[in-house]
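*Asks:* Protein chains in written order, with our numbering: chain S, 1025 to 1458; chain W, 1025 to 1458; chain V, 1025 to 1458.
Don't take each hint at face value.
[Stated by the list, open to error] For lysine-lysine, the following DSBU-like pairs were computed, each having C-alpha atoms within a straight-line distance of at most 30 Å:
no., chain 1, residue 1, chain 2, residue 2
1, S, K1165, W, K1405
2, S, K1378, V, K1287
3, V, K1199, V, K1228
4, V, K1405, W, K1287
5, W, K1256, V, K1392
6, W, K1409, S, K1153
7, S, K1103, S, K1198
8, V, K1409, W, K1256
None of these hints come from the bench; they were simulated from the model.
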Amino acid sequence: MENINNENSIGKKIYELTSNLVSICRSITGQGVRETLGLIQKRIPLKIYEVPSGTQAFDWTVPREWNIKDAYVINPQGKKIVDFKKNSLHVVGYSIPVDKEVTLSELLDHLYSIEDQPEAIPYVTSYYKERWGFCIKHNEKKKLEEGKYRVFIDSEIKDGFLNFGEIVISGKSKKEIFLSTYICHPVMANNESSGPAVMTFLVKWIMSQPREFTYRIVFVPETIGSIVYLSKNYKKMKENIIAGFNITCVGDDRNYSFLPSRKGDTLSDKAALNVLKFKHPNFIHYSFLDRGSDERQYCSPGIDLPVVSIMRSKYCEYPEYHTSLDNLDFISPEGLEGAYDVLRECLDAVENNKYYRIKCLGEPQLGKRNLYPTISTKSSKSQVKAMMDFIAYADGSNNLIDISNIINVSTSNLLPIIESLKGVGLLEIIDDRE
Amino acid sequence: MENINNENSIGKKIYELTSNLVSICRSITGQGVRETLGLIQKRIPLKIYEVPSGTQAFDWTVPREWNIKDAYVINPQGKKIVDFKKNSLHVVGYSIPVDKEVTLSELLDHLYSIEDQPEAIPYVTSYYKERWGFCIKHNEKKKLEEGKYRVFIDSEIKDGFLNFGEIVISGKSKKEIFLSTYICHPVMANNESSGPAVMTFLVKWIMSQPREFTYRIVFVPETIGSIVYLSKNYKKMKENIIAGFNITCVGDDRNYSFLPSRKGDTLSDKAALNVLKFKHPNFIHYSFLDRGSDERQYCSPGIDLPVVSIMRSKYCEYPEYHTSLDNLDFISPEGLEGAYDVLRECLDAVENNKYYRIKCLGEPQLGKRNLYPTISTKSSKSQVKAMMDFIAYADGSNNLIDISNIINVSTSNLLPIIESLKGVGLLEIIDDRE
Amino acid sequence: MENINNENSIGKKIYELTSNLVSICRSITGQGVRETLGLIQKRIPLKIYEVPSGTQAFDWTVPREWNIKDAYVINPQGKKIVDFKKNSLHVVGYSIPVDKEVTLSELLDHLYSIEDQPEAIPYVTSYYKERWGFCIKHNEKKKLEEGKYRVFIDSEIKDGFLNFGEIVISGKSKKEIFLSTYICHPVMANNESSGPAVMTFLVKWIMSQPREFTYRIVFVPETIGSIVYLSKNYKKMKENIIAGFNITCVGDDRNYSFLPSRKGDTLSDKAALNVLKFKHPNFIHYSFLDRGSDERQYCSPGIDLPVVSIMRSKYCEYPEYHTSLDNLDFISPEGLEGAYDVLRECLDAVENNKYYRIKCLGEPQLGKRNLYPTISTKSSKSQVKAMMDFIAYADGSNNLIDISNIINVSTSNLLPIIESLKGVGLLEIIDDRE
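Sequences and hints are given; from them, build the entire structure.
*Replies:* So this is what it looks like as structure tokens:
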């Protein structure tokens, strides 16, 4: 593992990309999405797609495209008290254009704030109902006095496109591992600039590794984007995908969170639970009933993909969620790198989750093969114990994750043991997907 | 639900019928059984059957019929100290006739009382061994002095009939729901005048409802009655019955009790556990090893019917059980109505326990179908959450009770959601038994 | 059960044989093994086999034979401070011959002691690497002063034989129950003179009983012995063995221990867990990961025999383990007899673990068959309850151990009930292996 204090640590690099992504005003459609995809495309060979407004996708219709140039509120004294250019959260997502004078009472009908978090600007959207509105700190709202206010939103909703990015990295097998993240949340850091940033660096790592499986990786607007993507690809996805991960909220330093697939016992579930159990045993195990991101589509009846989420602080569950407090101070290089490491370890577990069989009957005599350490220390003892236990369960009916769970040794500790045993010709793979 | 304080509440009506049933002296055969069945027949279209003494039924023989006109004990001072006409519990069930003078010592050999409950008259029977005896309060027994006592029992045991009642209410399907209660316990209220009374009102309700299934409902003397009924009907019962409930001890206000079927995971078990979990989560979950009523026959090897019991205070488990203290003061309209409601909810769960499938891929867009509430309140939110969770698991592989258990919403709350979704054409039934 | 204080109790007899076995210096090969087998052969008709050094067995080679006549260390003052003839643990097993003067420093390189147990002589072996060494109490080692020491070991390692004993006791069925114990540990009592001693008396008992199954019983040197035996017999063993027990550490008075088979749910596991649950509910339930005896071979991938261990204090887990403190004071007649009884009960459970079915429909009327006790006491009540519960689950789908677990009555209490029910023609065996 790279030293995290190093200026060039992976964590630092992911943090830097996250910082760039944070500054872009995004929604489910529009210029911000294209800017975001462009920024990522500079780092990995992303293919960018566009789907016109009005396109049917399952039960949904691609909405018109929304773009915004400026927005503000001017108080009776002529002071600009709300300014989109300072923080794009100030405008309700998909606000229609407006330019008029309103009374305080009228204005209040269009102002959103959070009484319990008076210093936070909330994140509000209205994709499917026409509306205009501003979001402000509750403390600011309380100060407003009677009078005429100028409200101005220079936005445009018109036929255009929904955009998304895709990269397919082929492996030896046609079977696929699926990774998805979303690119529609503006400004905020953990939810959601961390996901696309971590994903970008995962793609770089995947491309640098030998691969058993093909990887299908998408950067989509949440909900409508995953629905559109599924509507075009779900048949082959259902046929090929053996494991999938939704990558979101992977930036802060708090506890790890796990959200299972709907079925709960897929290969993704098994890999994620196994890795978290050994690496971060205090992780929070949510139920699929706590879902709230694109697993809602990927795991829906008839789609049934094996998609889980490994997060740091889960959406909906941390106070800063969906407010201006979810900013770059809330996340860290260490938080990002931790999530990145866990996800890599899950991919390793899936890649190597084969059925192993020891080739001799009875215990092998490890001594004559120099598989016993020459000096016996506490750690060499536990290494020999791990090897003997691995052998005891390598009967062709247990795969890597099974054995790891049974003998209570992490898959990352078992992989070098497997290499040793293969090296001396003692181990064979029963179900090799090559 | 009707107001329970209303003079016309279902609870009051069931209580009134229970009161009428309590006053009848019953045993497993004889005039009391026929009187009881007659009283019920006035309310529902019961068919009454008779089986002659000596009839073989599986390993058993229908006993001779027992009737009793009078019985008493007169003390040396000429005072009638035990009087059948005051309480029929005073005579051991199936006592042979006797009319003689006995010493105190001889009398004591034939007197039954409970030392720990000195003010209770116990309930004692001797169906299969010829015997005579009296039951009295222990406090009365202790007062008895030396001298000659007159014992008199004007009973008759002779060839006759065993009687039982049956009503079959046909539904769309030949598949049956089976309900059984027993009519052999004299005088006592919870065990067992409550069962036939609640059953009578359940029958009225079932007849008033649209029905998927056919209902087979019996009022039998315990043990010998269910054995006789099974011996005549078990082949078609095994073929058709999908769920069954033994209705007993359904009158008092204490906790609910559940006794599973022998197999423990039948549709009846699932429906009962599901309903109790949501409606009365503190219910007591007994084991089949605690059985003691007709499930002993219905669940016996080779019969294997899916019969469970939902009770208030379970037989054998409350201090008043099988004594004169199990009287009308021990039960209440509220207790009876509570059990009646739980049983109706179980029948509703069984009737609607189909496999549902959402008809679109991905989440449906509820907004465009006005399935989102126009005003968002705490209860509307939980209603939308329940609907989304129902949809997520309506994949054709889960039935109503499965989904209820998974998403932690009662079947009674899911039924209106199912109606809404069917109404907008989003939901189909996979395994409709019509 | 025999009175344990009786001079002729089984416990006393097993203890006496254990005492005889303790005195023999044993290793995995050599004269000690043959002496041990000879001693046992005087009591039971053991067949003794020999396998020449150099024979291949799976991944292993039979080592050369080791014998030793004498060994000692003489200190600079001419005093014999370590003497093999006083305790054969003083010499590292398989020590090569040596006869020379060494400095204290050289000597210390060849001295083994336990700092934490300064009064214990440790048990050390070096079967597969040529070495010489002595084992002494740490307190003695600390006293050693500078100077020249004479070290002398009159041992011999040369081509010879590995010996083991086998007895096959035929039953009605070709299916086998397998029992294994080991005979390579010198001097110590619980681990391992108790195993061969208890096994000898089990064999006497098995020979005296009617048997459903054939018994394959072996006395082998640990590891290499079981590997050699398996390599010659594993095909028919895999075909025939339905249950197996490794008999080790069965001598002391402490808690019972259970080590499962690798698969964990074989007939042996079920029988052992059932017997221990009722007879010694506080037993310690180890994991197969805690294995350390011949189940390592018997349960290895591809061999997969259903072999478990029921022990008193498990090897590796008691302070006296593999030291001179594991002596005759550590074990007792009561400890040995307790293990002997548990093992017999397991064999009884396996022998009678058939699928039973009650022959009538509905509950049988026990009264008319005099299966109800004439006087009702607390113990007769629980006996009737056990019989009724047995009948309720004797549906042809549950075997003896299943029913015992379900109704919470030990198999030893169920066997007389089964006899009664068979006696009156109410019970049939569905899956009789005769």
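*Asks:* All the hints need checking, so say for each whether the structure fits it.
*Replies:* Hint check:
no.: 1; hint: S:K1165 x W:K1405; result: holds, 27 Å
no.: 2; hint: S:K1378 x V:K1287; result: holds, 20 Å
no.: 3; hint: V:K1199 x V:K1228; result: holds, 20 Å
no.: 4; hint: V:K1405 x W:K1287; result: holds, 25 Å
no.: 5; hint: W:K1256 x V:K1392; result: holds, 23 Å
no.: 6; hint: W:K1409 x S:K1153; result: holds, 20 Å
no.: 7; hint: S:K1103 x S:K1198; result: violated, 61 Å
no.: 8; hint: V:K1409 x W:K1256; result: holds, 28 Å
Checked against the numbered hints listed earlier, the structure breaks hint 7 alone; every other hint is satisfied.
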